[in-house]
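Just so you know, the protein sequences line up as chains Y and F, in that order. According to the working numbering, the first sequence is numbered sequentially starting from 1. According to the working numbering, the second sequence is numbered sequentially starting from 167.
Just so you know, not all the hints are guaranteed correct.
One side only, chain F facing chain Y, incomplete, derived with CB under 8 Å [said to hold, decoys possible]:
#1 Arg192
#2 Ile201
#3 Met204
#4 Ala208
#5 Phe233
#6 Ile235
#7 Gly247
Looking from chain F toward chain Y, a few residues come up when the C-beta cut is under 8 Å (computed) [said to hold, decoys possible]:
#8 Leu248
#9 Ala256
#10 Thr259
Source of the hints: derived by calculation from the structure; they are not laboratory data. We put the CB at the ideal spot given by N, CA and C, even for glycine.
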Amino acid sequence: MSIPFFVISALTVAGGLAAMTLKNTVHCALALSVAFAGIALLFLSLDAQFAGFAQILIYIGAVAILVVFAILLTRGSETPTDGVHSGTWLVGLAIAAAVFAVLGWAVLASAPGLHDEAAAPVVTVRDIGNALMGRYVLPLEIVALLLTAATIGAVIVAMHEKARTK
Amino acid sequence: MTPLAGYLLVAALLFAIGLGGALIRRNAILVLIGIELMLNAANLNLIAFWRYGPHPEALTGMMFAIFSIAVAAAEAAVGLGLIISIYRHAQTTDLDRINRMKG
Chain Y
1 MSIPFFVISA LTVAGGLAAM TLKNTVHCAL ALSVAFAGIA LLFLSLDAQF
51 AGFAQILIYI GAVAILVVFA ILLTRGSETP TDGVHSGTWL VGLAIAAAVF
101 AVLGWAVLAS APGLHDEAAA PVVTVRDIGN ALMGRYVLPL EIVALLLTAA
151 TIGAVIVAMH EKARTK
Chain F
167 MTPLAGYLLV AALLFAIGLG GALIRRNAIL VLIGIELMLN AANLNLIAFW
217 RYGPHPEALT GMMFAIFSIA VAAAEAAVGL GLIISIYRHA QTTDLDRINR
267 MKG
């Protein structure tokens, strides 16, 4: 437990809280990219360089931009006049607090039994590439298929009705 | 408190924030953002267990996280496509007002 860990986690949690509580939807998307960057920094502090940079590329580079595009395409940037919370917000808040209480209790109760290997693992991108092309080649192919299907499906779903009937 | 417990607590807090946002907000895009936060918290758990687990050289947790990131990207693309399609149909992304399943 070091000072950088506390700073990064505070940044991440603040970004996540802002993304879920701000009124303006565009501000929420910007706060979301702060939270994603914080998670990428946490990955880097866990010696997972590849996952950290993949997180920056995919989440900040692609998902956050996609969210901003969707917000602008749906006029979601206008703050609704009758509040941004649903009618059952109290129930949702209670469920989220209960889930956090259970998870936190489970973590703290099992903390003495958790492994804490001190030595940092030495994993190069070459090792990850070898693993992806060797032991994990079937999941890699399935993910490739899934991404292709998802891209085509997203385009077809979002296509204009008139363009589809042409 | 051990470092692993610290990372797990941060992940649990992020998960709870994402869940609360997904349950509370009315804008469909913000519900999707909450789901993305929950997926990221799960990835943080996977990477933390990989780093502090007994066999990090086996790369299992890292591979889980990488595949999970890829699946989450596909999910975001399809979800946002669906939201744009619903918006075109109902002229709103307010989930309290999208309450019909029939055209």
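Right, here's what the structure says about each hint:
1. For Arg192(F), the shortest C-beta to C-beta distance to chain Y is roughly 5 Å, which falls under 8 Å, so the interface hint holds.
2. Hint status for Ile201(F) relative to chain Y: violated, with the closest Cβ pair at about 11 Å, above 8 Å.
3. A hinted interface residue such as Met204(F) counts as satisfied when its beta carbon comes closer than 8 Å to some beta carbon of chain Y; here the least separation is about 10 Å, so the hint is violated.
4. Look at Ala208(F): its Cβ only gets to about 11 Å from chain Y, farther than 8 Å, so that hint breaks.
5. The restraint placing Phe233(F) at the interface with chain Y holds, with a minimum CB-CB distance near 6 Å, inside the 8 Å limit.
6. For the restraint placing Ile235(F) at the interface with chain Y, the shortest Cβ-Cβ distance is roughly 6 Å, inside the 8 Å limit, so the hint holds.
7. Because the smallest distance between the Cβ of Gly247(F) and any Cβ of chain Y comes to about 4 Å, under 8 Å, the interface hint for this residue holds.
8. Because the closest C-beta pair between Leu248(F) and chain Y is about 6 Å apart, less than 8 Å, the hint holds.
9. For Ala256(F), the interface hint is violated, the least distance from its beta-carbon to any beta-carbon of chain Y being 10 Å, above 8 Å.
10. Here the hint on Thr259(F) is kept, as its CB sits about 5 Å from the closest CB of chain Y, short of 8 Å.
Comparing the model with each numbered hint stated earlier shows that hints 2, 3, 4, 9 do not hold.
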